[in-house]
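**Student:** The listed protein sequences derive, respectively, from chains Y and P.
Each residue of the first sequence is one higher than the last, beginning at 1 in the working numbering.
Each residue of the second sequence is one higher than the last, beginning at 1001 in the working numbering.
Misleading hints may appear alongside valid ones.
List time: in silico SDA-like cross-link candidates among lysine to any residue, alpha-carbon distance up to 25 angstroms [claimed, not checked]: (1) K17/Y / R1066/P; (2) K27/Y / L1013/P; (3) K133/Y / Y1033/P; (4) K108/Y / P1010/P; (5) K27/Y / F1022/P; (6) K106/Y / N1012/P; (7) K133/Y / A1030/P; (8) K106/Y / T188/Y.
To list a few chain Y residues with every Cβ distance to chain P over 12 angstroms, as calculated [claimed, not checked]: (9) E130; (10) F161; (11) K182; (12) G183.
Rough simulated footprint, nothing fancy, chain Y against chain P, three-plus residues with beta-carbon under 8 angstroms [to be verified]: (13) 1008-1014; (14) 1022-1029; (15) 1048-1054; (16) 1068-1079; (17) 1082-1091.
No lab work stands behind these hints: they were computed from the structure.
Yeah, the Cβ is synthetic: ideal placement off N, Cα and C, and Gly gets one too.
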Amino acid sequence: MAQVTAEETTGLATIAKDWSSDVTTFKGVPWGKAMMWIFLLSDTFIFSMTVRATTAEAWPNASEVFSLTVFGQAVPLLLIAIMTFDLITSSGTMALAVNYGYRREKKKAIRFMYATAFFGAVFVGMQMFEWTKLIMEGVRPWGNPWGAPQFGSTFFMITGFHGLHVSAGVVYLIIIAGRIRKGRYDNTNFEIVEITGLYWHFVDLVWVFIFAFFYLW
Amino acid sequence: MSSEVGQQHPLNLYFWIWGLLFVVSAGSYATDYMDAGYLRWALILIFMFVKAGYIVAVFMHLKYERLALIYALLLPPGVIGLLVALMAWESNYTWLTRIVFFGEVVEPERLPLPGAH
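Please model the complete structure; the sequences and the hints are all you need to start from.
**Tutor:** Printed below as a string of structure tokens:
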């Protein structure tokens, strides 16, 4: 092996070096984790496009629609805030699960994964409540009582796609936690918990942007 | 070997970031009580990026990965971000085409469009 100089192990030069070294590009990263990152990257594109749509729309009555759901009645905003904090809580429990996984403390990792799934399920429940309320107030994908019809389709598209991710994440967490309990990953480093965690943190991450661009803007 | 793969960090780090996320979220929520304007929009974006940064950097451990992975993951969304910024910049044009197609101005004074002066 050629001697590796300090210049080659740090800084921008490592990027070209890693990509062209004809071995695993992402060193020290389990294959499943790299693939989860790639999946999340493609998912980012999809979510970015929906956010892009909201910025290009600039519906004439945007602030009014939001004020109806936000200032007119205090409850919906409160609900969105609770949903936000609920999701952060689940992110924290997930981070702990990952940490305990790498410490090989299976029981604790599984427990925190179930806790994460629980908070995720609570989030989906609150979202169902929010949807029901808006639908009863007359919001439809093709129109709403307050103005620009695109508001409804954008709202259902963005929050629905995110809610679908949360629901899938809950199922994913329960499946993986069950597999860990059965001992399927005992011969590994428990990077599976981190891979699951990456997905879950991503779901929280997307909510950060939805909260900012859709609810607050 | 096993210590080479994976991410092992002290629990304290996670508790710190967890707490900070709550604080930043509270700040983000507080912007809703402000009047619309550049200060509010700026604060929304700042809180958003700080929160997203904490999640990606620490919870998703991206801060501790090698540059090859970091760049592979951050550059493409950066380009999308540029597109989003450009579309937001151009959104007045969308509004103008609406006037052209629907033939009337729908109370434009109701909303100061982002980027409108």
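**Student:** Hints first: check each against the structure and report whether it holds.
**Tutor:** Hints, one by one, checked against the model:
1. K17/Y / R1066/P: holds, 12 angstroms
2. K27/Y / L1013/P: holds, 24 angstroms
3. K133/Y / Y1033/P: holds, 23 angstroms
4. K108/Y / P1010/P: With Cα atoms ~16 angstroms apart, K108/Y and P1010/P stay inside 25 angstroms; holds.
5. K27/Y / F1022/P: violated, 33 angstroms
6. K106/Y / N1012/P: Roughly 20 angstroms separates the two Cα atoms, so the pair holds.
7. K133/Y / A1030/P: holds, 24 angstroms
8. K106/Y / T188/Y: holds, 12 angstroms
9. E130: Answer for E130/Y: holds, closest chain P Cβ roughly 16 angstroms.
10. F161: holds, 16 angstroms
11. K182: Holds, since 21 angstroms exceeds 12 angstroms.
12. G183: holds, 18 angstroms
13. 1008-1014: Holds, because 4 residues of the region 1008-1014 of chain P bring their Cβ atoms closer than 8 angstroms to Cβ atoms of chain Y.
14. 1022-1029: holds (count 4)
15. 1048-1054: holds (count 3)
16. 1068-1079: This one holds; 7 residues, not fewer than the three required, reach chain Y with a Cβ under 8 angstroms.
17. 1082-1091: holds (count 6)
Comparing the model with each numbered hint stated earlier shows that hint 5 is the single one that does not hold.
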